[in-house]
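Start from the sequences, fold in the hints, and give me the full structure.
If you want the building blocks of each chain, they are given just below.
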Amino acid sequence: MLALRDLFDAAATPEASAWLDGALRTAAEDPQRIPVLFPQIPRRAGRQYLAGGLREAGAVRVETGAWRTCDVAGLAILTASGIPAEELLADLHDRGDLEERTMVLRALAALPTRPVTGRLLGEVQRTNQVVHVAAGALDSNILARTLDEGGDAVGFGIDEFNRLMLKLAFVDLPLARAIDAMRHANAELSRMLQGLATEREAAGRKVWHDTNRAIACAPTEGTVARLLGGLEHGDDHHRLAAAEGLARLDRDDLRQFLRERLARENLPRIRDVLERAVKTAAR
Amino acid sequence: MRIFEPHIHMFSRITDDYEALAKEGVVAVLEPAFWLGQARTSVGTFVDYFDTLIGWERFRAQQFGIHHFCTMGLNPREANDDRINQDVIDLLPRYLEKDSVVGVGEIGLDDQTKTEEKFFAAQIELAAAHDLPILIHTPHRDKMKGFQRCIDIVREQGFPWERVLLDHGNEETIKITRDLGCWSGFSIYPNTKMSPERMVQILLEHGIDHMIVNSAADWGVSDPLMVPKTVARMREAGFDGAQIDQLVWGNPTSFFAQGGRLDPAAIGELLPVDRRETFTGNSILRGQDPNAK
Chain A
1 MLALRDLFDA
11 AATPEASAWL
21 DGALRTAAED
31 PQRIPVLFPQ
41 IPRRAGRQYL
51 AGGLREAGAV
61 RVETGAWRTC
71 DVAGLAILTA
81 SGIPAEELLA
91 DLHDRGDLEE
101 RTMVLRALAA
111 LPTRPVTGRL
121 LGEVQRTNQV
131 VHVAAGALDS
141 NILARTLDEG
151 GDAVGFGIDE
161 FNRLMLKLAF
171 VDLPLARAID
181 AMRHANAELS
191 RMLQGLATER
201 EAAGRKVWHD
211 TNRAIACAPT
221 EGTVARLLGG
231 LEHGDDHHRL
241 AAAEGLARLD
251 RDDLRQFLRE
261 RLARENLPRI
271 RDVLERAVKT
281 AAR
Chain B
1001 MRIFEPHIHM
1011 FSRITDDYEA
1021 LAKEGVVAVL
1031 EPAFWLGQAR
1041 TSVGTFVDYF
1051 DTLIGWERFR
1061 AQQFGIHHFC
1071 TMGLNPREAN
1081 DDRINQDVID
1091 LLPRYLEKDS
1101 VVGVGEIGLD
1111 DQTKTEEKFF
1121 AAQIELAAAH
1131 DLPILIHTPH
1141 RDKMKGFQRC
1151 IDIVREQGFP
1161 WERVLLDHGN
1171 EETIKITRDL
1181 GCWSGFSIYP
1191 NTKMSPERMV
1201 QILLEHGIDH
1211 MIVNSAADWG
1221 VSDPLMVPKT
1231 VARMREAGFD
1241 GAQIDQLVWG
1251 NPTSFFAQGG
1261 RLDPAAIGEL
1271 LPVDRRETFT
1281 GNSILRGQDP
1291 NAK
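So the sequences go chain by chain: A and B. Going by the working numbering, 275 is the number at position 275 of the first sequence; the sequence numbering is gapless. Going by the working numbering, 1015 is the number at position 15 of the second sequence; the sequence numbering is gapless.
Note that these hints are calculated values from the structure, not bench results. Just so you know, not all the hints are guaranteed correct.
Every beta carbon over 12 Å from chain A, so not counted as near; a handful from chain B, in silico [stated by the list, open to error]: (1) Ile1014; (2) Arg1235; (3) Leu1271; (4) Gln1288.
What follows is a set of in silico ranges between Cβ atoms, one per label pair, in the way DEER data are often shown [said to hold, decoys possible]: (5) B:Pro1160 <-> A:Ala90: 34 to 44 Å; (6) A:Arg33 <-> B:Val1047: 17 to 27 Å; (7) A:Asp148 <-> B:Gln1288: 52 to 62 Å; (8) A:Pro115 <-> B:Asp1289: 49 to 59 Å; (9) B:Gly1287 <-> A:Glu199: 16 to 26 Å; (10) A:Ser81 <-> B:Arg1178: 45 to 55 Å; (11) A:Glu87 <-> B:Gln1112: 34 to 44 Å; (12) B:Gly1241 <-> A:Gly53: 46 to 56 Å; (13) A:Thr127 <-> B:Thr1045: 50 to 60 Å; (14) B:Arg1275 <-> A:Ala90: 25 to 35 Å; (15) A:Ala28 <-> B:Glu1197: 35 to 45 Å.
Yeah, the Cβ is synthetic: ideal placement off N, Cα and C, and Gly gets one too.
Shown next, in the form of structure tokens:
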């Protein structure tokens, strides 16, 4: 089981740590009390962010800097007497306020993938609450892990994965926070992301900065043209993502475009990417 | 002028009301759980209503800069309904711990039945267990008898008077509540119950201490601006700014802060409004520019 108590105690007040100790005893002795304990957690355990860093336990990987003291307390209370029942997780989510739902969704990242995982990720997808999309899908490898551990069997197969990744683009959350997600990149996801980008461009609206970065992981029709176009984009974020995407494709027939752009590129970070990509060709 | 409107059912009001409240100095509202004009027939409808009070309605208020709090409870009218009463009581403990829930209410008596009394007492026990004050709805019919019975039940429970708000009072009930040490609530309506003028007379006679005025605006003929309108009458009657501030801010915030979940210092001004925000993907906007000021 993922252990975060050390980070909790470093970030929380002594009163919060003492409260959590008592709440853990209550939850272990009488799990029926958990629905009454749960709403109290943010005001008792606090909302301070933990120190950042990647922490792992078995197949679980989480970025601790996205977790708050209340999120840790929520996970600890849920697991006070072992893996929580799926019915409890669903109930706490469905009857919870915004904070309670956030805590349940964060906790999923550290729990075994089960049908409730797919069900709650589906709720995240449906309700469109950005803070819940982030809590449910980001700062851990839950999306990749759920697919690795069965996917369809728990109601979260590749179609659901693709829709949730598209939701990240739709609400403008960073791809990098979906740890390991791009291991499951696929051409259909690229098609969907390109379609969203085209639609946004036609409407004069903001396009997800990670579009070019993501589609290069699984190219499909139109991907190369979009990446080459992105290389001349006036927005630095899009240009950087296009350069990274083309570097990832690592295609000899495209390297002349990288060289051409390198000759005119002023931004050091993008130049670094282009120079590495061009050198790769020189070998 | 800053106003804490301590009893208003925004669930049944429109966005124009939020705009008008903010314009008139209302920076925070307290929405007691109540009945919906017709009987609910299953506990599920209470669950969804409670979720709305801590969810969408709170968001809606915040979209106009207004802080939103609520009290939770089984109202006396529906306490008589055996299809739902015990189930709602069983539901309450978890909802009484929600962050924006600052009291138990509206509870009390309506038809003054034994069943109402049973669930009134049960909810006073819940208030004690969850360290919250209680907002008591007093009967509109046979008022003095019902008022006295409410007091008797609170006394039987040994609940501290400082944590009791006896609402919907009038010139008669104030004579009783002044001596109890509880808080005296008055609902100011456009046509019935208390008018601003009658309220001012009560304040002139009994003072400001432990007095609370509200609009109790709901889906009926009511006016959400009755507190600001009462303030205007108070000014005409010679009350100064400090007295008015105590009545419409200091008193209600002191009462509802007793549960430890409302910090008056943190809610004295309207919230910054960001119309780009959504609640579970829903916006209050209908095609307007979210960036417009």
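Now the hints, each set against the structure:
1. At roughly 24 Å from the closest C-beta of chain A, the C-beta of B:Ile1014 stays outside 12 Å, upholding its exclusion from the interface.
2. Every Cβ of chain A is farther than 12 Å from the Cβ of B:Arg1235; the closest lies at roughly 38 Å, confirming the non-interface assignment.
3. The beta carbon of B:Leu1271 is kept farther than 12 Å from every beta carbon of chain A, the shortest such distance being approximately 15 Å.
4. For B:Gln1288, the non-interface assignment is confirmed: its Cβ lies about 16 Å from the closest Cβ of chain A, beyond the 12 Å cut-off.
5. For B:Pro1160 and A:Ala90, the hinted distance range of 34 to 44 Å is satisfied, since their beta carbons lie about 38 Å from each other.
6. For A:Arg33 paired with B:Val1047, a C-beta distance near 19 Å keeps the hint of 17 to 27 Å intact.
7. The given range of 52 to 62 Å is broken by A:Asp148 and B:Gln1288, whose C-beta atoms sit roughly 44 Å from each other.
8. Between A:Pro115 and B:Asp1289 the CB atoms are about 42 Å apart, so this pair departs from the stated range of 49 to 59 Å.
9. At roughly 19 Å, the beta-carbon separation of B:Gly1287 and A:Glu199 lies within the given 16 to 26 Å, and the hint holds.
10. Distance hint check for A:Ser81 and B:Arg1178: the Cβ-Cβ separation is about 52 Å, which falls inside the suggested range of 45 to 55 Å.
11. Separation of A:Glu87 from B:Gln1112 is about 40 Å and conforms to the stated range, judged on CB atoms against 34 to 44 Å.
12. For B:Gly1241 and A:Gly53, the Cβ-Cβ distance of about 53 Å falls inside the hinted range of 46 to 56 Å, so the restraint holds.
13. Look at A:Thr127 against B:Thr1045: about 20 Å separates their beta carbons, and that is not inside 50 to 60 Å.
14. Distance hint for B:Arg1275 and A:Ala90: a CB-CB separation of about 32 Å, consistent with the stated range 25 to 35 Å.
15. For the pair A:Ala28 and B:Glu1197, the supplied restraint of 35 to 45 Å is violated, since their beta-carbon distance comes to about 60 Å.
Checked against the numbered hints given earlier, this structure breaks hints 7, 8, 13, 15; the rest are met.
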